[in-house]
Amino acid sequence: MAALRKWLLAGLLVLVPLIITLWVLDWVVSTLDQTLNILPQAWQPDRWLGMHIPGLGVLLALAILLTIGALASNFVGNKLVNWWHALLHRIPVVRSIYSGVKQVSDTLLSEKGNAFRKAMLVQWPREGMWTIAFLTGAPGGDVARHLPAQDYLSLYVPTTPNPTGGYFVMVHKRDCVELAMSVDEALTYVISMGVIVPGGAKGAALAPVAPAVGPA
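The working numbering numbers the first residue of the sequence shown as 1 and each following residue consecutively.
None of the hints are false.
Between beta-carbon pairs, the in silico distance windows are:
hint	residue 1	residue 2	range
1	102	128	34 to 42 Å
2	98	167	22 to 30 Å
3	196	117	18 to 26 Å
4	195	7	14 to 22 Å
5	148	117	15 to 23 Å
6	62	7	39 to 47 Å
7	99	51	38 to 46 Å
8	50	141	54 to 62 Å
9	95	165	24 to 32 Å
10	148	28	42 to 50 Å
Keeping only pairs whose Cα atoms sit at most 27 Å apart, straight-line, the calculated BS3-like set for lysine-lysine is:
hint	residue 1	residue 2
11	79	102
12	102	118
13	173	118
It should be emphasised that the hints constitute simulated quantities derived from the structure, not laboratory data. All residues carry an ideal CB built from backbone N, CA and C; glycine is no exception.
Turn these sequences into a full structure, and let the hints guide you.
Right, here's the structure in full:
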């Protein structure tokens, strides 16, 4: 029985990650394939090929993204994008939603973005319990009047195993520890619920945050 249990667990360790990976890929491909619906019926690949080929929607979505990116990168396209942004900012309800999403996407996707600068170690949700957080900046605006930027850090504390949900906190520098592991390694550590320990983090030295971070 012990051998059977060992073989069963070994099989699960091999198959479960593979099955989940294939399921995620299938969901992504099937979702992007829906972009084919924007084409006229006569241009539908399924119609003139006589069969469905998974992944054609991915190619179409990639082509659309590249085209929009190329147009937005030139002078005329940039003017049109700015006009479109200005138009959306004039619509009362849309303005609030669009501006918030735009700021977040610019921070996360821009090449000059500063999101998730470093992996940190903080006591959360109470003293004596530690978790991984990510440095996003320092208090700014009116908040900086009450929490000096030179003394406090803005952190994002992700949830496990889904790091897209979490908490935004401002913590004093003396209560934060900077980790030697990279942001990608820290994300892997969080998503795996501590099961996958990043190789670069083994035995890594921890050091208090030394440099001051200016307002975000």
